Amino acid sequence: METDGLTTGFDDADVDLSDETQDFRFLANITKKGGGSIPKRGEKDFEPDGTNLQSSTLDDSRNAMFQALSVERSHTGKTRATATWHPNRRLAQIHEQRGVLFKAMGRADKTGTMWLLPEELMYMVERGSLECFYEQDREPQDQAELENKQPGEGINLNVPMSVQAVYAAALEATGGLERYQVYSNLKRSGYIVFRDPAAQFDDLFRNVGYEYKAAPPAGSRWNLWGLGIFGTLFNGAFWGTGKGDPFQSMLAPGAYRSYAEMYKRLAIPKKEITWTPTTKAGEGGTKSNPFTVTYHVWKPRPNFKKSAPGPPDFLVCVISTLDTRLPSLVDVDGLFKDIPEVDRATARQKGLYQGLKEGRRNVILATVDYGVISYMKFSDSRFGDEMLEVDPPAKGKGKPGNKGGKGGPAPKK
Amino acid sequence: MADASTNGAAATAGAATAAAPPSNKPPHSAKPKRPNYNLIHADPLPVVLYHSPPLIPHNPISLLHHLYLYLFPPVQSHNVVYIGVFSPVTMSVEVRDPTAVLDLWNKGFWGKGSLSRSEPTWLNREMRRLGDTQVGETSEEITRRRRDQRKEMKKERARKEKEELLKVKEAEAKGKEEDGSASNGKPIIADSKVVVGLEAEISGLDEPATESTQPSLPAEEPGLPTPPPSSDELNTSDSESKTATVNIGSETLPVSVPPTTESPPAQPAKVVRFDSNTSTKEIPVERKTVTVQNQEHLQLMLSEAFFLVYALGILAVTTADATKPLPLPEIFKMFLRYSTFPPLPESSVSLTNLNPDNSFLINYVVYHHFRSLGWVVKSGVKFSVDYLLYKRGPVFSHAEFAILIIPSYSRWEGREENVGKEWYWLHSITRVNSQVKKTVVLVYVDVPTADEVKGWDCERDGLKKVLGKYKIREVALRRWIPGRNRE
Numbered sequence: 001m002e003t004d005g006l007t008t009g010f011d012d013a014d015v016d017l018s019d020e021t022q023d024f025r026f027l028a029n030i031t032k033k034g035g036g037s038i039p040k041r042g043e044k045d046f047e048p049d050g051t052n053l054q055s056s057t058l059d060d061s062r063n064a065m066f067q068a069l070s071v072e073r074s075h076t077g078k079t080r081a082t083a084t085w086h087p088n089r090r091l092a093q094i095h096e097q098r099g100v101l102f103k104a105m106g107r108a109d110k111t112g113t114m115w116l117l118p119e120e121l122m123y124m125v126e127r128g129s130l131e132c133f134y135e136q137d138r139e140p141q142d143q144a145e146l147e148n149k150q151p152g153e154g155i156n157l158n159v160p161m162s163v164q165a166v167y168a169a170a171l172e173a174t175g176g177l178e179r180y181q182v183y184s185n186l187k188r189s190g191y192i193v194f195r196d197p198a199a200q201f202d203d204l205f206r207n208v209g210y211e212y213k214a215a216p217p218a219g220s221r222w223n224l225w226g227l228g229i230f231g232t233l234f235n236g237a238f239w240g241t242g243k244g245d246p247f248q249s250m251l252a253p254g255a256y257r258s259y260a261e262m263y264k265r266l267a268i269p270k271k272e273i274t275w276t277p278t279t280k281a282g283e284g285g286t287k288s289n290p291f292t293v294t295y296h297v298w299k300p301r302p303n304f305k306k307s308a309p310g311p312p313d314f315l316v317c318v319i320s321t322l323d324t325r326l327p328s329l330v331d332v333d334g335l336f337k338d339i340p341e342v343d344r345a346t347a348r349q350k351g352l353y354q355g356l357k358e359g360r361r362n363v364i365l366a367t368v369d370y371g372v373i374s375y376m377k378f379s380d381s382r383f384g385d386e387m388l389e390v391d392p393p394a395k396g397k398g399k400p401g402n403k404g405g406k407g408g409p410a411p412k413k
Numbered sequence: 001m002a003d004a005s006t007n008g009a010a011a012t013a014g015a016a017t018a019a020a021p022p023s024n025k026p027p028h029s030a031k032p033k034r035p036n037y038n039l040i041h042a043d044p045l046p047v048v049l050y051h052s053p054p055l056i057p058h059n060p061i062s063l064l065h066h067l068y069l070y071l072f073p074p075v076q077s078h079n080v081v082y083i084g085v086f087s088p089v090t091m092s093v094e095v096r097d098p099t100a101v102l103d104l105w106n107k108g109f110w111g112k113g114s115l116s117r118s119e120p121t122w123l124n125r126e127m128r129r130l131g132d133t134q135v136g137e138t139s140e141e142i143t144r145r146r147r148d149q150r151k152e153m154k155k156e157r158a159r160k161e162k163e164e165l166l167k168v169k170e171a172e173a174k175g176k177e178e179d180g181s182a183s184n185g186k187p188i189i190a191d192s193k194v195v196v197g198l199e200a201e202i203s204g205l206d207e208p209a210t211e212s213t214q215p216s217l218p219a220e221e222p223g224l225p226t227p228p229p230s231s232d233e234l235n236t237s238d239s240e241s242k243t244a245t246v247n248i249g250s251e252t253l254p255v256s257v258p259p260t261t262e263s264p265p266a267q268p269a270k271v272v273r274f275d276s277n278t279s280t281k282e283i284p285v286e287r288k289t290v291t292v293q294n295q296e297h298l299q300l301m302l303s304e305a306f307f308l309v310y311a312l313g314i315l316a317v318t319t320a321d322a323t324k325p326l327p328l329p330e331i332f333k334m335f336l337r338y339s340t341f342p343p344l345p346e347s348s349v350s351l352t353n354l355n356p357d358n359s360f361l362i363n364y365v366v367y368h369h370f371r372s373l374g375w376v377v378k379s380g381v382k383f384s385v386d387y388l389l390y391k392r393g394p395v396f397s398h399a400e401f402a403i404l405i406i407p408s409y410s411r412w413e414g415r416e417e418n419v420g421k422e423w424y425w426l427h428s429i430t431r432v433n434s435q436v437k438k439t440v441v442l443v444y445v446d447v448p449t450a451d452e453v454k455g456w457d458c459e460r461d462g463l464k465k466v467l468g469k470y471k472i473r474e475v476a477l478r479r480w481i482p483g484r485n486r487e
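For the protein sequence lines, the chains are R and P, in the order given. The letter at position 63 of the first sequence is residue 63 when you use UniProt numbering, and the numbering goes up by one with no holes. The letter at position 113 of the second sequence is residue 113 when you use UniProt numbering, and the numbering goes up by one with no holes.
The shape of chain R in the complex, shown without the other chains (with noise of 0.2 Å):
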């Protein structure tokens, strides 16, 4: 029941299961037999009840963990994959294209070089999955140059970087430690992540095969109720400026033959402003503004290409909490400008209240906080254009005709 908040077990769809503190047994089961599933998990033990069982089980727990952890990681010389940090360029080199991985990240240029953004050649050092060596020959002096240079030659593998030179030396270029968190927290968990590509810095990663940014709107004036020229007709016809009660009641007395009638004249007039809301400061610049998508994220699949994979997912913006606080509608409207918005009609597909909640377009904004992520879907909903059934649906005998109005157009289920 929701007053006792009771109600929310493990299959609430708002619990997250990686809040807790795991359970580490499951990890000698996945590496003894090589897969299998993780178990539910069971009861909390909120304190020692003085038996053996709950110590012997917090003892295998705790020996599980360590075991995983003192396993040594070794890689054959066969999936050795290298990389080499061009800090002029901001990109890593891929020496040669070994493991799965690379299936989602990295992008080739035209003669075939593959080049890691500084976010993926983190995170792959950071898991064990290549070895990233410094340049120290000279930088290329121009594009043209390095892309006539073949891969491998003239290149120094002589100055290994450890993961702290790594973050040292990668980290700027990922935009700040907050986003690379949400980034390869995102990773871990398995999706595909890329950057906007308005927000990439390297000219080879801008070029994307995917619709991602909405038709820019016809007229500039800010649309808040999409009533268009026709509200202000209506409205214009229907007001005047004269003289009277400012304090008209909006239902006059008279004969209502439907609820929605009378509705249809509760309704506030919907009149439109001239006003744009980039005259406020803080839309400026691109970079001063922290409200924009900065992540453009897929759910795994296995047929996945890089070249073509689709329109996103989920679009991920992400945002400190030092800096930031609830955006404004400014900050807001911005997010969402730039974002496609499905039809009403897609959007009521789902429901009602699962339209409204999802919204014509959404954004999910990752709220890290001293490197704690929130992740927060933002939608816009669009109430406005949703008006709900008023009238008691009509008796089967009657005439249905008779009803009248338009209520929700959807029958309720």
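It is worth saying that the hints were derived from the structure and are not from the lab. Since we're looking at a predicted model, the values are computed, not measured. Please note that a few of the clues may not be correct.
As the list claims (entries may be wrong) - Estimated spans, in silico, between C-beta atoms of each pair:
| # | chain 1 | residue 1 | chain 2 | residue 2 | range |
| --- | --- | --- | --- | --- | --- |
| 1 | R | Arg206 | P | Thr352 | 52 to 62 Å |
| 2 | P | Tyr424 | R | Pro48 | 26 to 36 Å |
| 3 | P | Thr323 | R | Glu341 | 54 to 64 Å |
| 4 | P | Arg484 | R | Ala267 | 35 to 45 Å |
| 5 | P | Lys174 | R | Asp59 | 16 to 26 Å |
| 6 | R | Glu341 | P | Asn79 | 42 to 52 Å |
| 7 | R | Pro48 | P | Arg484 | 31 to 41 Å |
| 8 | P | Thr323 | R | Asp369 | 50 to 60 Å |
| 9 | R | Ala267 | P | Ser350 | 27 to 37 Å |
Ideal Cβ positions, reconstructed from N, Cα and C, are used throughout, including at glycine.
The hints should help you fit chain P onto chain R, whose structure is shown.
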């Protein structure tokens, strides 16, 4: 006042029973029949519909008749105007006339009972407490019973856990006696057994809850009217609820059995028992009617009251010392003043120099916005938000959306936005609301500047135009969990 309230009592009781016609055949179901809410709450507004004769296009008389009706519509919609009294102490409008209270609750769920959680049920509760068998169970009682059941369930679960623990301890002690080392594999099996048993129990415990969250079958599902949720009783009803609980143990269960049998001549002395130790078998099932004076009134939020006064024109507001209804401008001014606590000084509120950044005005704009879209809007103070949105009404389904008003000053020169609205503030609100399965909706209200609304008080429909200058944009929030969105 006394006879008026008893009338009201009869009316309330009448509505409850009339809706669920007490058939002569004794219904032998365990749960009492739920009133037909579809019938009681058929009207979404306390305004009367006009049922015109059907239009027959090829009949000239019918056409003429309709033309006449079009030109001179019969004024039917507002045949009553209810009276409310503004109370500066509670900063709300009180409605005391029982028919008005009933109408306002049944047609659009306006206000709340001053001694009840939501629907004004104090009189019914009191009558039931005194042994009246004609009054149906109130939602407060149902909720309390459900909570008691849950409490029992938890006690039982704790007891079982303890038992299980003892068993384990005994087994371990025995094992120690037999040989020094306890085996490792066996206890884990026992562990999982406990867990499975407990899980089954938990799912049993949650069953009524999941049942009631299905709003699709409101009529078929008996015994669980879903009242507007509240975890706490009102402070004012504390003493009342305490006295009630003394008797509830002995009386609730037997009384909830529908009074089916035609009773022999009454033995009225036996009905009211203040001794909680009385055995339940002795409670008689015969009919009994009790007369109680109603102590409860309906409380309207300022936004609700203003909607009824201004938008619908169905309510007149007076004050305790006024003799006749106040004119609308005065009501408006009063509400603007009482939008904060302590109220704004009289001199600071002016209609000519209206300050659009008034919290009553902002709240009213949002209230009006959602009301006019067909939602039933109730106060969200219990869930740390401004409003709750119900589809059709609180008896039909739980509120799905929790409205958080965010005033926005994008048109104001040099004014900082969202001062104090840090992330932890938002997270705490969304956490509270996701626990009760509500979606928090940020409702941005772009407030016009004072210049934009200047001159409104001389124009026809001036207030309507002022309201139209506020821009509303809704942003629904939902926690997103990476582990749960992969497929």
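Going down the list of hints, with the structure as the test:
Distance hint check for Arg206 of chain R and Thr352 of chain P: the Cβ-Cβ separation is about 56 Å, which falls inside the suggested range of 52 to 62 Å. Checking the proposed 26 to 36 Å range against Tyr424 of chain P and Pro48 of chain R shows it holds: the Cβ atoms sit about 33 Å from each other. Restraint check, Thr323 of chain P to Glu341 of chain R: a C-beta distance of roughly 56 Å satisfies the suggested window 54 to 64 Å. A hinted range of 35 to 45 Å for the beta carbons of Arg484 of chain P and Ala267 of chain R is consistent with their spacing of about 38 Å.
The hinted window of 16 to 26 Å between Lys174 of chain P and Asp59 of chain R holds, with their beta carbons roughly 21 Å apart. Checking the proposed 42 to 52 Å range against Glu341 of chain R and Asn79 of chain P shows it holds: the Cβ atoms sit about 46 Å from each other. Remark: the range hint 31 to 41 Å for Pro48 of chain R to Arg484 of chain P is upheld by a beta-carbon distance near 32 Å. In this structure the supplied range 50 to 60 Å holds for Thr323 of chain P paired with Asp369 of chain R, their Cβ-Cβ distance being about 59 Å.
Checked against the given bound of 27 to 37 Å, the beta carbons of Ala267 of chain R and Ser350 of chain P, roughly 28 Å apart, stay inside it.
No hint from the list above goes unmet by this structure.
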